[in-house]
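Protein chains in written order, with the numbering used here: chain R, 152 to 307; chain Y, 70 to 733.
Please keep in mind that the hints were generated in silico from the structure rather than gathered at the bench. Note that the Cβ used here is the ideal one computed from N, Cα and C, for glycine as well. Certain hints may be false.
To be verified - Here are the computed lysine-lysine pairs in the DSBU-like style, where the Cα-Cα straight-line distance is at most 30 Å:
1) Y:Lys495 to R:Lys220
2) Y:Lys495 to Y:Lys483
3) R:Lys226 to R:Lys155
4) Y:Lys631 to R:Lys155
Stated by the list, open to error - Counterexamples of contact, computed for chain R against chain Y with all Cβ distances above 10 Å:
5) Arg184
6) Gln201
7) Thr228
8) Gly232
9) Thr235
10) Ala263
Unchecked claim - Sample of chain R residues at the chain Y side, in silico, Cβ under 8 Å:
11) Leu160
12) Ser164
13) Leu168
14) Leu174
15) Glu218
16) Gly242
17) Leu243
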Amino acid sequence: MRKKRRLYLMLTSIAVLGLAVLLVLSALEDSIRLFYDPTEIVEKGIKPGQDFRLGGLVATDSLERHEIKGAMVNKFTVTDGNETVDVTYVGLLPDLFREGQGVVAEGSMNSAGVFVATEVLAKHDENYMPKEVIDSLKKRGEWQRDKSAKTKAGAS
Amino acid sequence: MSAELGHFFLVLALGMAVVQAIFPMIGAARRDGRMMALGPPAAYGQFIFTVGAFLALTYSYLQSDFSVAVVAHNSHSLKPLIYKISGVWGNHEGSLLLWVMFLALFGAMVAHFGRNLPKSLQARVLSIQALVGIGFFLFMLITSNPFDRLPNVPFEGNGLNPLLQDPGLAFHPPFLYLGYVGLSVAFSFAIAALIEGKVDPAWARWVRPWTLLAWVFLTIGIVLGSWWAYYELGWGGWWAWDPVENASFMPWLVATALLHSAIVVEKRDTLKSWTILLAIIAFSFSLLGTFIVRSGVLTSVHAFATDPERGLFILMFLALVIGGSFLLFALRSDRLQAGGLFAPASRESGLVINNLFLSVAAAVVLYGTLHPLLSDAILGIKSSVGAPFFNLVFGLLMIPLVVTMGFGVHLQWKRARLKAVSGKLKMVTLLSLLAALMVLYVTYGGGIMPVVWMGLGVWLLLSMLQELANRIKLFQVPLKNSFERLLRQPRSSWGMSLGHLGFAIGLIGIVATSYWSLEQQKVIPVGDSMTIGEFTLTLDDVVAIAGPNYTAVRGAITVTDKNGNHYMAYPESRTYVASPMTTTEGAVRTTLSGDLFIVIGEMQGTDRWGVRVYYKPMQVWLWIGAAIMVLGGFISLSDRRYRIGSPEGKKAAQKNKGKQAHAV
Chain R
152 MRKKRRLYLM LTSIAVLGLA VLLVLSALED SIRLFYDPTE IVEKGIKPGQ DFRLGGLVAT
212 DSLERHEIKG AMVNKFTVTD GNETVDVTYV GLLPDLFREG QGVVAEGSMN SAGVFVATEV
272 LAKHDENYMP KEVIDSLKKR GEWQRDKSAK TKAGAS
Chain Y
70 MSAELGHFFL VLALGMAVVQ AIFPMIGAAR RDGRMMALGP PAAYGQFIFT VGAFLALTYS
130 YLQSDFSVAV VAHNSHSLKP LIYKISGVWG NHEGSLLLWV MFLALFGAMV AHFGRNLPKS
190 LQARVLSIQA LVGIGFFLFM LITSNPFDRL PNVPFEGNGL NPLLQDPGLA FHPPFLYLGY
250 VGLSVAFSFA IAALIEGKVD PAWARWVRPW TLLAWVFLTI GIVLGSWWAY YELGWGGWWA
310 WDPVENASFM PWLVATALLH SAIVVEKRDT LKSWTILLAI IAFSFSLLGT FIVRSGVLTS
370 VHAFATDPER GLFILMFLAL VIGGSFLLFA LRSDRLQAGG LFAPASRESG LVINNLFLSV
430 AAAVVLYGTL HPLLSDAILG IKSSVGAPFF NLVFGLLMIP LVVTMGFGVH LQWKRARLKA
490 VSGKLKMVTL LSLLAALMVL YVTYGGGIMP VVWMGLGVWL LLSMLQELAN RIKLFQVPLK
550 NSFERLLRQP RSSWGMSLGH LGFAIGLIGI VATSYWSLEQ QKVIPVGDSM TIGEFTLTLD
610 DVVAIAGPNY TAVRGAITVT DKNGNHYMAY PESRTYVASP MTTTEGAVRT TLSGDLFIVI
670 GEMQGTDRWG VRVYYKPMQV WLWIGAAIMV LGGFISLSDR RYRIGSPEGK KAAQKNKGKQ
730 AHAV
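The task is simple: from the sequences and hints, build the whole structure.
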């Protein structure tokens with residue numbers, strides 16, 4: 152009796168776990184966003200229309216704002232010190248967006264080679280520098296501010 | 070001077086922890102009462118010295134002693150008092166000190182309230198608690214000493230991000246940590262039980278209040294964090310499945326499961342090894358959350374490379390604690406005798422299903438959180454897993470959980486009749502189908518998921534109300550008698566009812582705000598209007614104002630609804646002087662039917678302003694639901710039966726057992 156019960160319980164658990172695994176795998180395919188820095192975009196020749204995350208520094212004095220029919224269109228350049236990518240984003244930029252600081256944006260390239268951002272991520276930690284961007288800048292030899300590279304606390 | 074004193078206290082506390090770890094454990098094995106008796110005083114000593122260290126660090130912050138490295142990096146002499154204090158734990162080193170102080174506090178509480186526990190059990194619990202403490206003390210002293218001095222003392226500190234200067238965020242980490250650390254007690258009890266080779270209902274009765282306490286604090290901590298993200302960041306969301314958020318949510322899921330499985334151990338003397346396993350897993354998630362968030366590993370594996378010493382220590386500590394306890398579990402769990410049998414349709418089964426889905430959900434969140442880390446470490450591919458993944462998988466897993474919840478509370482222990490329960494729920498089901506149809510009608514064309522979810526939420530709420538009504542025999546006996554019955558409900562059943570009702574209310578809020586939020590962004594000149602849903606916003610004026618440490622522009626906006634009622638909203642955009650950054654202070658109007666959240670952006674040209682508006686239907690239901698859940702937890706904690714380890718509590722429990730047969 153007890154063994155049978157235990158068997159049922161095991162089978163149910165395995166079934167639920169199996170279902171969850173299937174669900175995870177199918178959902179994962181659509182929601183994984185790869186992360187590229189400008190150099191990788193140029194080297195890898197990312198296809199237009201493919202969603203990914205772009206990260207780097209917002210180039211100083213690159214931000215231009217236009218108003219088109221009541222919508223706010225932002226144009227700026229993201230750099231990793233090696234290559235640059237032009238970005239457009241429609242909407243209000245988040246509080247933490249500043250020129251000369253790190254940014255991560257989600258979107259895709261258009262046929263003109265401009266990154267069209269659908270979302271500019273607002274949640275950085277208090278160092279104002281997303282970790283992926285730090286890594287990328289280090290790789291490109293652009294990182295000098297070692298003090299802030301040391302992991303300080305996250306924003307939680 | 071205070072920094073050196075703090076450092077000294079920390080070393081003394083470590084010494085106390087070593088005593089507390091070694092002697093009670095040996096004493097318990099040899100049945101040596103004198104050695105076991107060393108446990109409580111060592112626990113008090115450890116607590117007192119840790120508090121001393123914490124006060125010393127706080128003093129350095131209050132004095133703005135910038136020769137202390139963490140103070141210089143995280144404080145500023147002009148910072149308001151409350152944020153100087155909260156700055157103590159607003160960084161890696163200080164947060165560890167807070168963590169270990171809570172750990173020592175819980176150890177001292179086990180020593181104090183656990184005087185009536187079996188001596189050997191208390192000794193072993195204290196010893197395990199101290200072992201965890203030793204790990205933390207060493208970690209701090211070796212890699213993250215909060216009392217390190219700077220060779221060159223700066224004149225002014227680096228300040229604190231103004232975004233983090235918010236009461237919600239100031240008190241979010243302490244509550245979260247109380248929750249994390251509270252789970253250490255359940256963990257210590259579990260390990261002690263494995264060593265003793267004995268788990269019985271009495272054990273579960275001692276563990277439950279600790280788990281409940283941890284769960285309540287964890288809930289408060291998570292909600293405060295979410296509240297802060299919603300009101301302060303002004304991006305229109307309250308949950309983003311960010312790794313930091315997930316790290317606190319995973320222990321919550323497992324703690325919720327543990328809370329429920331411990332009930333089965335207490336009432337029915339079964340599911341023992343599973344409960345032990347959950348206690349271990351829950352605390353493992355706490356450790357994982359603490360370390361991984363604070364060390365920044367989650368956002369990048371390369372955080373290890375910037376500080377290899379810290380990373381190595383964390384990995385070793387996690388492997389030792391988690392691996393060690395799983396090993397012990399594998400070796401010892403077969404000693405735990407299985408208890409009472411139960412039928413597939415029974416409250417026990419309901420709770421098993423609850424546990425199953427909660428644990429699988431926790432596993433899914435874990436996988437989604439770690440996936441970017443793994444793919445970076447193994448394949449060198451940088452990626453992130455977005456919210457759609459979590460929403461889809463987690464959402465689907467929650468459906469059976471909610472159904473089980475609504476049914477489960479009506480089921481009897483041991484053997485229940487599903488038919489009788491479905492009969493009882495006929496009205497409830499009918500009503501919620503009606504509600505779903507109404508939702509379908511109103512939101513026609515908006516997809517089927519919100520309809521299903523809203524129907525489920527209403528069903529759960531009504532089912533919980535019906536359970537309460539059945540318990541007080543509403544409409545079966547005169548109203549006056551029902552009312553008397555209501556007042557006589559034991560506190561733990563109040564806790565159960567409120568906990569579940571709060572969940573249902575929160576769920577309804579989550580469904581509404583997730584599926585039906587509106588967002589509108591527009592650049593308009595003063596005098597112009599924009600509309601969102603049934604509201605019209607007119608920008609009347611924008612003025613420049615000056616605050617104590619910031620300058621700001623403030624918009625004056627008239628909001629008119631479709632009935633012509635109107636009110637004024639004053640959103641601000643602030644620029645801080647000390648650290649040149651801008652924050653938005655949204656104007657939020659909260660009603661039961663929804664929040665209208667207005668944010669004003671920077672100037673666009675000369676007289677044009679960016680205005681962003683969100684309409685978040687039933688957002689406040691989420692906060693209300695969470696508050697009810699927490700209230701339920703506190704009421705349940707005050708139940709006499711759970712006076713921790715007290716013999717009176719036990720006797721009273723036995724005496725009341727007949728009366729409270731239905732109470733959980």
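Hints, one by one, checked against the model:
1. Distance restraint check for lysine 495 of chain Y and lysine 220 of chain R: the Cα-Cα separation of roughly 54 Å exceeds the 30 Å cut-off, and the hinted pair is therefore not satisfied.
2. For a cut-off of 30 Å, the pair hint linking lysine 495 of chain Y to lysine 483 of chain Y stands: about 23 Å separates their Cα positions.
3. Taking the CA atoms of lysine 226 of chain R and lysine 155 of chain R, the gap is near 66 Å; set against the 30 Å cutoff, the hint is violated.
4. Of the pairs offered as hints, the one joining lysine 631 of chain Y and lysine 155 of chain R is violated, with about 63 Å between alpha carbons and a cut-off of 30 Å exceeded.
5. Residue-level check failed: arginine 184 of chain R sits 5 Å from the nearest beta carbon of chain Y, not beyond 10 Å.
6. Interface exclusion of glutamine 201 of chain R from chain Y stands, the closest Cβ pair being 13 Å apart, more than 10 Å.
7. No Cβ of chain Y approaches the Cβ of threonine 228 of chain R within 10 Å, the least distance being about 19 Å, so the stated non-interface status holds.
8. The claim that glycine 232 of chain R lies off the interface holds: its Cβ sits roughly 17 Å from the closest Cβ of chain Y, which is beyond the 10 Å cut-off.
9. Listed as outside the interface, threonine 235 of chain R is consistent with that label: its C-beta sits roughly 19 Å from the nearest C-beta of chain Y, beyond the 10 Å cut-off.
10. Every Cβ of chain Y is farther than 10 Å from the Cβ of alanine 263 of chain R; the closest lies at roughly 24 Å, confirming the non-interface assignment.
11. Satisfaction of the interface hint for leucine 160 of chain R is found here, the shortest Cβ-Cβ separation to chain Y being roughly 7 Å, below the 8 Å cut-off.
12. Because the beta carbon of serine 164 of chain R sits about 6 Å from the nearest beta carbon in chain Y, less than 8 Å, this interface hint is met.
13. The interface hint given for leucine 168 of chain R is met, as the beta carbon of that residue sits about 6 Å from the closest beta carbon of chain Y, less than 8 Å.
14. About 5 Å separates the beta-carbon of leucine 174 of chain R from the nearest beta-carbon of chain Y, less than 8 Å, and the hint is met.
15. Hint on glutamate 218 of chain R holds. Least Cβ distance to chain Y is approximately 5 Å, under the 8 Å limit.
16. With a least beta-carbon distance of about 5 Å to chain Y, the hint placing glycine 242 of chain R at the interface is held under the 8 Å criterion.
17. A hinted interface residue such as leucine 243 of chain R counts as satisfied when its beta carbon comes closer than 8 Å to some beta carbon of chain Y; here the least separation is about 4 Å, so the hint holds.
The structure is inconsistent with the numbered hints 1, 3, 4, 5, although it conforms to all the rest.
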